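Here are the chains, one letter per residue:
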Amino acid sequence: MKRFIGFIKKEFYHIFRDKRSLFILFGMPIVQVMLFGFAITNEINNVDIAILDHSKDANTKQIIDKISASKYFSIKDFLDNERDIETAFKKGEIKAVLNFEKDFSKKLMTENQATVQILTDATDPNTANTISNYTSSILSSYQELLNKDISIPYQIGVQTRMFYNPELKSVFMFVPGVMTIILMLVSAMMTSISITREKELGTMEILLVSPLKPFQVIVGKVVPYILLSVINAIVIILLSIFVFSMPVEGNLFLLGAETILFIMNALSLGILISTVSASQQTAMMVSLMGLMLPVILLSGFIFPISSMPFPLQVISNIIPARWFIIILKGIMLKGVGLVYLWKETLILVGMTLFFIALSVKKYKIRLE
Amino acid sequence: MKNGNIIHVKNLTKTFGDFTAVDNISFQVGKGEVFGFLGANGAGKTTAMKMLIGISKPSSGEAQVAGFDVKSQAEKVKRSIGYMSQRFSLYNDLTIRENITFFGGIYGLKKSDIKTKSQNLIDELDLHDEADKLVGSLPLGWKQKVAFSVSLLHDPQIIFLDEPTGGVDPITRRKFWEMIYREAHKGKTIFVTTHYMDEAEYCDRVSIMVAGKIEALDTPKNLKEKYKVESMNQVFLKLARNIE
Amino acid sequence: MILELKMNTIRYIIQKEFKQIFRNKAMLPIIFVLPLIQLAILANAATFEVKNIKFGYIDNDKTSLSRELIEKFNASTYFNVLTDFPSHIIADADMLEGQVDVVLEIPLHFERNLLKEKKTDLSVRINAIDGAAAGVENVYVNRIVQQFNQKVRTELLLVGENINKLQNIATIPSFWYNETLNYKTFMVPGILVLLVTMITLFLSGMNIVREKEIGTLEQINVTPIKKYQFIIGKLFPFLILGLVLLTVGLIIAKLLFDIPIVGSILLMYGYSIIYILVILGMGLFISNFTDTQQQAMFIAWFFMVIFILMSGLFTPIESMPNWAQVLTEFNPIKYYVQVMRMVMLKGAGFSDIYQQLLKTLAYALIMNALAVYSYKKVT
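Residue numbers (UniProt numbering), protein chains in the order written: chain A, 1 to 368; chain X, 1 to 244; chain V, 1 to 379.
Mixed in with the good hints, there may be bad ones.
[To be verified] Label pairs and their in silico Cβ distance ranges: (1) G6/A to F32/V: 42 to 48 Å; (2) F350/V to N81/A: 21 to 27 Å; (3) G256/A to A211/X: 48 to 54 Å; (4) N112/A to L358/V: 47 to 53 Å; (5) A40/V to F78/A: 42 to 48 Å; (6) N74/V to I226/A: 47 to 53 Å; (7) P107/V to N112/A: 29 to 35 Å.
[As the list claims (entries may be wrong)] SDA-like cross-link-like pairs, simulated, lysine to any residue; straight-line CA separation at most 20 Å: (8) K90/A to T180/V; (9) K66/A to K212/V; (10) K116/V to Y154/A; (11) K57/X to K212/V; (12) K143/X to G202/A; (13) K118/V to L96/V.
These are computed hints drawn from the structure, not numbers from a lab.
Please read these numbers as outputs of a predicted model, since none were measured by experiment.
Yeah, the Cβ is synthetic: ideal placement off N, Cα and C, and Gly gets one too.
Put together the whole structure using the sequences plus the hints.
Right under this line is the structure:
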């Protein structure tokens, strides 16, 4: 035991002596959380659009004023003819063009109907669709204004209540995701690299012939990183509470315990990666190439899992980050406890044990 | 001194912050000499050598190697020297032949030259069966032999060897020194660092570095007489103790 | 003659790098197979489309009209009608558990009120943790209710009532370049860009520092090789590798996803070469600047995550705060994603991507100058 503690101490010295790496390990997650917390949002705001107004009359002017007053759009340009649309789209300067037909007001008065064409650059389908929806709703509220003197019978109104995030802040959606991704990648990468590094430098063999058990060697290497990751997690949680005003509706203690569970999960994944890779290079490429995109795309961090094709929904089950994001949102935003989150927690525990068992097995095979 | 001096070192110093790794050393090495550069680990041998081969800038002082200044003409120095480090820096994931071709190539040898030279080398070291095996799979002693030969590819005047025989058995070490002598007989100057004191006996002259300074410089015979001892090992121990 | 000699030196480095890449059996699948599998699979995941919405309802009215309304939701492709909740207490509990995302509550006397008072209200609860999805869900709910409303109204109204006097502004949406709003058209080129970038950045980032760690760099430093020769020799193999990956990726995009390639392939490759040089220069700079592969990879990872998430690929740049938008000016992935989409999908020509091209070129020059500068043969 004494030897074991001595070994852990050595690992700590190892990490803390390297000021540059330390700075990287603590500094980078903070910078990333700050950056992404503020910058990543899937709201659509300030979209650059252009107007092609064939009428230039009272009604179109009013509509254009309404559009330019909205926070969703900023009018970049007024086009003169249809030919300019293609050029503007190709340059990527604008995302949409509102095309008002000729004699807009006149048609509205005489035929009770006038038309606006909403042309969108749909290479980005999400933005295109959203622009189209937003414009429609601005136009229909203008229409209501026009018709305000006429009462419409048989109206069904809809009262909507938004739960857990009434202001529809996308920060609530992204901060848990950012936290998860950073913890996952940093923890898995750190352990897999530090263990393969010993292998590559040949020092692993020295450790293995020492009286320390292989199990102790691995645990000894991982303990300092658990501490590092926990510190990182605490900093990230503090940032999300105090900088991004994320609520913690649920139990702070449970939040801490679940976070440690997730860190253990990521670290054991890192150990598993290190058992299958012979060099640092392989370990890094597996943990970076293998984890980065799947974790970003299949965890529900940005893209809703329920919208994915069924096979991908199935695959997303094996991404630990998916379950941790559900847990984080549950505790922080919904304020639920283990009663609701036992399933996700069990899955993470199961995965962690699985990774450890598999690493032990691989490890034994190699030693024999 | 045979044919004059080929390395001139004057007041050479290297500091890292507050720490002086090499402290104001001066010496000369003659052409064709086997010059032993001795010292304990951390005495500053490797740092001094790195300045001479042009990959570390001296903090002060000057040095000329093969007639070129190591500060201002480092790249010219590099054309005239061969270097083999304690880490026998060959690529483990290339074969012997590929390593030879690569280093020949970056020294700017002609393609035909590389071909004949590598064949000669393989003949000389009797590595026909191993020539197309990965270096990583060879025993340490062979790697060192190959690394030494690779450092000779471009026919340098001086060969710098940084602890070339670390980690191998006495027989392999002896064989390695035979190779060194063969090159010395061809007129090449050998500059070798080591901490095996028995190897010091093989050198024409040795310098002993302690804590960044050269404490002694002479032939092994003279040094043993001066300190009235039997072996270079005892010379070294005496010197080290005096300093402490 | 001298020039030839210089070229020769570079050639030997290139040869050596290629041999090392292809000899590493553990790395080959990670470099060539893993990214392409990810492209084929993950491109399907990246969709903001909101569908299969978990929908439940509380029908307090239980009339033919309320059932008709629920039927409308049932018929919609967006909603999976899951549960008929007896009360909103149970509905709320289910929402807390994540079983349901949208709950429609039809009040008692819904039908009677509509017919008698000519006005009635529905209430809808939406799980809004994903704010954007919640907004879309709200739009869908309103759309279905409005259509239902209109249908009911036309059925109930007598001919000639004032409804015809309403002034109506019709909107005709028209989606260019991607009429069906296919997300894959949008995401496949982008994800391909990410994969090419990741592979080239990570490999080049590890490359020199790895030689430093093994000790072979010192051996190279004692040779008279020129700094630029060394860097060019290191750049070239990875450039080829990146282009091969790009090519296979484009073939997958075309065959598997049927992504249109409208623009000039030559222009695309021309830009890609400059872009990959930016990334490689950056990788080699990181590699020169660090002492261990571990450090190099952390730094490369740090920038990679920032570049990916702030590239406009997954979330729009225009919605970022101004300072963040300024930062994205330094994000090479942003330009590459833009250019690939513009050229591939819209058929943009040289004059359209001129600006991005210039910026990328300047970036490439700066990064590679830094790479050469930071490679220190003498310490």
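Hint by hint, where does the structure go against what was stated? Just the numbers, ascending.
9, 13
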